[in-house]
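Engineer: Chains as they are written, first to last, in the numbering used here: chain A, 1 to 325; chain B, 1001 to 1186.
In case anyone wonders, no lab produced these hints; they're calculated from the structure. One or more of the hints may lead you astray.
Covered by chain A, per the in silico footprint, the following chain B stretches (three or more residues, Cβ under 8 angstroms) [to be verified]: (1) 1031-1045; (2) 1164-1170.
Not close to chain A: a few residues of chain B, all C-beta gaps over 10 angstroms, as computed [as the list claims (entries may be wrong)]: (3) F1028; (4) G1050; (5) A1060; (6) P1061; (7) Y1070; (8) P1077; (9) L1142; (10) V1161; (11) D1174; (12) G1184.
Where a beta carbon is used, it is the ideal one built from N, C-alpha and C, also for glycine.
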Amino acid sequence: MTPPFGIPVELFAIFLALALLAGFVGLNGLVLVYLERKVAGHIQRRPGPFEVGPHGLLQPLADALKLVGKQLITPRGADKWLFWTAPIISFAPVFVLFLPIPFGPILTAMELDLGLLLILAFAGINVLALCLAGWSSENKWSLLGAARAVAQSVAYEIPLLLAVLAIAFQYGSLNLSTIVSGQGAWPWQWNIMVQPLAFFIYFVCALAETNRAPFDLPEAESELTAGFHTEYSGMGFGIFFLAEYANMIVVCSVATALFLGGWHGPVASGVWWFLAKVYLLLLVMMWFRWTYPRVRFDQLLNLSWKWLLPLALVNLIVTLVLVKL
Amino acid sequence: MTMFQEIRKAIQGLWSLLVGLKITGHAFFQKQSTVHYPRKTVPNLATYRGHIELVGREDAPGTPKCISCYKCAVGCPSNCISLSCPEDQPSAKTRAQVVPDPLGQDPAFRLTPFKVPPPEGVGAPSKRTPATFHLDYNYCSLCGLCVQNCPVDSLRFSEDVYLAGFTKQEFEYDLLTRLRGQAGNS
Ligand code: SF4
Ligand code: SF4
């Protein structure tokens, strides 16, 4: 095949894939912002965004344009280089995170035997970005937010890994497609029936890892103004925001693949089932956010070290014994 | 606490989380309790606390019940109210002369002296009807102390919700003129 304009086909394909992925993340970001505000509104018995477009549908677009148009301000005394690399570091892993996710029977960007490991490894980079952002801002609130982000991430990564590991041992594989194809179409054939505790632990940890309420301590508005992203204006903040939503989609996708049967559905299995389950989980996350007050930091750490970690360990050991039997 | 008590507490806690979800989930599907403002407005403003206004007498709605006791002006923590009474003439007492400024700041800066003589014939029913009654709403904290303190119930919160303006002066009210206008309209 002759490459168009002398560009190698592989390179062309990679750029196309990256552009599609960026489009997917951006589009989902817009949809999620809209959903989040609508859910918040309805839970508080008000309409949410309503004025821009029919039922406020164009509101996230207007917000995005506003963010793009804003001036980028670097605070005096900030470490300029770190300050502006932090949002990029926060968003860059997103491109890798989506690669091994099996959206449909053939719709997987890259079949990887270590797909799950890849996701877990790259998901950890986000906290580095938060840490850098908080550190380089020269703002005490940002720094406190960064410190919280790190402590929280360390505390919740372990039970999360242990919960995921139980599933991985059960299938003897870290390939998400293998795990999905091991589950059936009906809800009682999904892993959530076999591993409800692991799902519970995974979901709680996922909330904490994505800094979602009630675990949104790194950006606790009431105490830290906006935590690590206090000093970011315009798209600096916008990228953090987008990365947060992208990470939410990733953790929900992984939960769907691991526990909810992936793209399997009772009728017409396919990518729509996957997306429907992901969005269901995202809606639950939003529901949590507008229901629960933020926990205190000691409560947050206690929950992880005293409850989730032992439970995850017990769950893993029981799974191991049962798998061996 | 023993381990079992801890576990029981945790399960109770989890249960309460579910109850919380039930409440917000229920609210999600309920009718909205806000209105789309510019197209619709709230019909009943009875509980709304607007800026304060004077209450007219039953027999003469254009004249306030006020007996110029200065209690509201003295009690206002933000020094919003200034009034004068013809009985206190000819010196046209300012609030600063009635009570020393509690904060000891420059009275000229914080208080507006009123030297306007009362119009003839106005406030006939009582000698102590105020000649001027001004409110600087810019500083009002809507604490309600003036309404509570008035011995003759001559003050109340208005229902002026749709307030907007470009200058500070638009929020300095001559409450007597306002009352006369209201009485004329009704
Ligand atoms: S409501 Fe309070 S602040 Fe406002 S005028 Fe009355 S006493 Fe002053
Ligand atoms: S407290 Fe009542 S009666 Fe006394 S001056 Fe104020 S409005 Fe008039």
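Engineer: Confirm or reject each hint.
Structural biologist: Do the hints match the structure? See the list:
1. Counting residues of the stretch 1031-1045 of chain B whose beta-carbon sits less than 8 angstroms from any beta-carbon of chain A gives 5, enough to reach three: the coverage restraint holds.
2. Restraint check on the stretch 1164-1170 of chain B versus chain A: 0 residues with Cβ-Cβ distances below 8 angstroms, three needed, restraint violated.
3. Once the 10 angstroms rule is applied to beta carbons, B/F1028 is inconsistent with being away from chain A; the minimum gap is 5 angstroms.
4. For B/G1050, the requirement that its beta carbon stay farther than 10 angstroms from each beta carbon of chain A is met, with the minimum near 22 angstroms.
5. Non-interface call for B/A1060 relative to chain A: holds, since the shortest CB-CB distance, roughly 44 angstroms, exceeds 10 angstroms.
6. No beta-carbon of chain A is positioned within 10 angstroms of the beta-carbon of B/P1061; the least distance is around 39 angstroms.
7. At roughly 42 angstroms from the closest C-beta of chain A, the C-beta of B/Y1070 stays outside 10 angstroms, upholding its exclusion from the interface.
8. The claim that B/P1077 lies off the interface holds: its Cβ sits roughly 27 angstroms from the closest Cβ of chain A, which is beyond the 10 angstroms cut-off.
9. At roughly 23 angstroms, the least C-beta separation between B/L1142 and chain A is larger than 10 angstroms, which holds for a residue marked as non-interface.
10. With 10 angstroms as the threshold on Cβ separation, the claim that B/V1161 sits away from chain A holds: the shortest Cβ distance comes to roughly 17 angstroms.
11. At roughly 37 angstroms from the closest C-beta of chain A, the C-beta of B/D1174 stays outside 10 angstroms, upholding its exclusion from the interface.
12. Separation of B/G1184 from chain A is adequate, the least Cβ-Cβ distance of about 38 angstroms exceeding the 10 angstroms criterion.
Violated hints, listed in ascending order, are 2 and 3; each of the other numbered hints is respected by the structure.
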